Amino acid sequence: MEAKEIYARLKKQFPEKVSGFQGEVFDPNLHVDPQAIVEVCRYLRDNPDLRFETLSDLTGLDLPKENKIQVVYHLFSYSHRHPIVIKVDLPREDPHVSTMEGVWKAANWMEREVFDLFGVVFEGHSDLRRILLPEDWVGHPLRKDYVEEEEYDGISTQRAPLVEKLLR
Amino acid sequence: MSEAVHAESEAFHTEDMTISMGPQHPSTHGVLRFIVKTDGEVMREAIPDVGYLHRSIEKIGEKVTWHGYVPYTDRADYLAAMFTNQGFCMAAEKLGGVEVARRGEFCRVIACELNRIASHLISVGTFGQDIGAVTPFLHALRERETINNLMEEICGARLTYNYIRIGGVGYDITPETCGRITQFLDHFESIVDEYNRLLSYNKIFVERLANVATITKEDAFQYNIVGPNLRACGFKWDIRRDIPYSVYPELEFDIPVGTGEKGTLGDSYDRYIVRIREMEESCKILRQCLQMMPKGPAIAKVARKFKPPVGEVYVRVESSRGDMGFYVVSDGSEYAYRVRIRTGSFTAMSLIDKISRGLMVADLIALIASLDVDAPEIDR
Chain D
1 MEAKEIYARL
11 KKQFPEKVSG
21 FQGEVFDPNL
31 HVDPQAIVEV
41 CRYLRDNPDL
51 RFETLSDLTG
61 LDLPKENKIQ
71 VVYHLFSYSH
81 RHPIVIKVDL
91 PREDPHVSTM
101 EGVWKAANWM
111 EREVFDLFGV
121 VFEGHSDLRR
131 ILLPEDWVGH
141 PLRKDYVEEE
151 EYDGISTQRA
161 PLVEKLLR
Chain V
1 MSEAVHAESE
11 AFHTEDMTIS
21 MGPQHPSTHG
31 VLRFIVKTDG
41 EVMREAIPDV
51 GYLHRSIEKI
61 GEKVTWHGYV
71 PYTDRADYLA
81 AMFTNQGFCM
91 AAEKLGGVEV
101 ARRGEFCRVI
111 ACELNRIASH
121 LISVGTFGQD
131 IGAVTPFLHA
141 LRERETINNL
151 MEEICGARLT
161 YNYIRIGGVG
171 YDITPETCGR
181 ITQFLDHFES
191 IVDEYNRLLS
201 YNKIFVERLA
211 NVATITKEDA
221 FQYNIVGPNL
231 RACGFKWDIR
241 RDIPYSVYPE
251 LEFDIPVGTG
261 EKGTLGDSYD
271 RYIVRIREME
281 ESCKILRQCL
291 QMMPKGPAIA
301 KVARKFKPPV
311 GEVYVRVESS
321 RGDMGFYVVS
331 DGSEYAYRVR
341 IRTGSFTAMS
351 LIDKISRGLM
361 VADLIALIAS
371 LDVDAPEIDR
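Chains as they are written, first to last, in my numbering: chain D, 1 to 168; chain V, 1 to 380.
Don't read these hints as lab results, they were simulated from the structure.
For clarity, every value in this text was computed on a predicted model and none was experimentally measured.
A few of these clues could be false.
[Claimed, not checked] Straight-line Cα separation of at most 27 Å, DSS-like style, residue types lysine-lysine; simulated pairs:
(1) D:K65 x V:K94
(2) V:K63 x D:K144
(3) D:K87 x V:K94
(4) D:K105 x V:K305
(5) V:K63 x D:K65
(6) V:K354 x D:K105
(7) D:K68 x V:K59
(8) V:K236 x D:K105
(9) V:K217 x V:K236
(10) V:K354 x D:K144
(11) V:K305 x D:K65
(12) V:K94 x D:K4
(13) V:K63 x V:K94
(14) D:K144 x V:K236
(15) D:K87 x V:K37
(16) V:K37 x D:K105
[Unchecked claim] The following residues of chain D were derived to be distant from chain V, with all beta-carbon distances above 12 Å:
(17) E2
(18) P48
(19) G60
(20) V72
(21) R92
(22) S98
(23) V103
(24) R112
(25) E123
(26) D127
(27) E151
(28) P161
(29) L162
Where a beta carbon is used, it is the ideal one built from N, C-alpha and C, also for glycine.
Same shape as in the complex, but just chain D:
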């Protein structure tokens, strides 16, 4: 199914919740209301004409200029061979969105990664801990305004430029 038709389907089913369809790009995408994301995704998975069996990717995108963090879902249907990209806009100060774990299990780890690196809180997640960084790490590195701490666990994170080191 073409991305346009997928959007038309969703628009018919959830008129208030979906918007901002972009079809003239490499990967057609649409925006979904954060409150309705689980509902919409469950529909996308279970509808026989759509049947998005798998969540290919779930990641974040920090947009400080627009003061928002996007969570980007790349869905793929093996049976119909069509992809779709779903985006959810969240406020930067306090990003909260429901977990997708109940729809696709793969979301468990991917959401942990987004929580770790972007600080997005996934409500209802079974095990929301940092995954790649240590538990006591400060900050969320993939945010654009992230400033590295000067040391971690007593180890300096600063390094003299290599040339200076050679001249010494």
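Assemble the complex: chain D is given as a structure, and chain V must be docked to it using the hints.
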């Protein structure tokens, strides 16, 4: 009397044991750690703990130029660096509207398929070693050494290649090298048979793997298991055929799938044998490429200050560990705005928690080896 027996049974109590396996355990294929809760030899659960090899490759992508990022992608999966090179370059080319030189495409496929064989050799070799058969590992590494030599001839590096560039490849493959690749293929195709006799149909090996840690197709979809692990569940899906890229549509090759020939569909043995068969298919692809390679430049002209227009793209390549996704966002500047690398090992690791319940501790090793998870690719 009965009281005495009662007292004794109370004194003799059992409890679950919690063991930390890794991060430096030799069979974890890099630095991985599992927190294993066991009841004797049977695992209650094995909780994977990853992140020991996190090098913030995605963040580095936002700090270096488009051309300058290619060597960093090597490190994302150093056992199959060609594919990460290719994934990023394909994303950049799509964003920037660069057409790849046709000879360059063939060079890419040759390099990638050689790399696939090398990576699968490591996978099946260490598989044997992990469950107690050391000899096949040495056989596998011997062949991989030849591939490493070929790679060195092609691009000057043996592990982190930095061969594929935006627009094509760094160096053309010379006719002499093509001759050596053909020589290697002649030699290697017979080696696969030897390998099958030595390991694949070895009774102990088969019994050790058949019916162990079965993954169903539904689980594979739910957890987004990709590549050989997905095909082992009996599902014929290969990005090279189904979402074609590069010159793969022009090449003929089969897609081996698991059939449950020694046990259940989707067991560890299926995952093993799919990789062996894929190596044979890679040999076929290589032979075709060597014949079809056209003349011409190996790289297209690309601006040194590469600035693709604003946009975002998600490309998939079939790496040796399956569907590898590159989500790249450009804001029109010299630096990428966001680079996201979605790898097969990451999602495969998340499945271990579920599959491992009720397995023997020794089978956990077989499970990790059969999923071919690779620590650098998980942590990036």
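Agreement of K144 of chain D and K236 of chain V with the hint, judged by alpha carbon distance not exceeding 27 Å:
violated (41 Å)
With the threshold set at 27 Å, check whether the alpha-carbon distance from K354 of chain V to K144 of chain D stays at or below it.
This hinted pair is violated, its Cα atoms lying about 35 Å apart.
Assertion that P161 of chain D lies farther than 12 Å from chain V (Cβ):
P161 of chain D clear of chain V: closest Cβ-Cβ about 15 Å, beyond 12 Å.
Would you mind confirming whether the straight-line C-alpha gap from K105 of chain D to K305 of chain V stays at or under 27 Å?
Since the Cα atoms of K105 of chain D and K305 of chain V sit roughly 41 Å apart, the hinted pair is violated (cutoff 27 Å).
Should the label of V103 of chain D as a non-interface residue stand, given a Cβ cut-off of 12 Å to chain V?
violated (9 Å)
The output says E2 of chain D does not contact chain V. Does that hold with a beta carbon cutoff of 12 Å?
holds (16 Å)
Against the 27 Å threshold, does the CA-CA distance of K217 of chain V and K236 of chain V hold or violate the hint?
The hint holds at about 11 Å.
Pairwise hint evaluation, K105 of chain D against K37 of chain V, where the allowed Cα distance is 27 Å at most
holds (22 Å)
Can we trust that V72 of chain D is non-interface, i.e. its beta-carbon lies farther than 12 Å from all of chain V?
It is violated; V72 of chain D is separated from chain V by about 7 Å at its closest Cβ, not greater than 12 Å.
With a cut-off of 27 Å on the C-alpha distance, tell me whether K87 of chain D and K94 of chain V pass.
holds (21 Å)
Has the given pair, K305 of chain V with K65 of chain D, been kept, meaning a C-alpha gap of at most 27 Å?
Holds, at about 25 Å.
Say whether it holds or is violated: E151 of chain D keeps its Cβ farther than 12 Å from all Cβ of chain V.
holds (17 Å)
The structure shown violates the earlier hints numbered 4, 10, 14, 15, 19, 20, 23, 24, 26.
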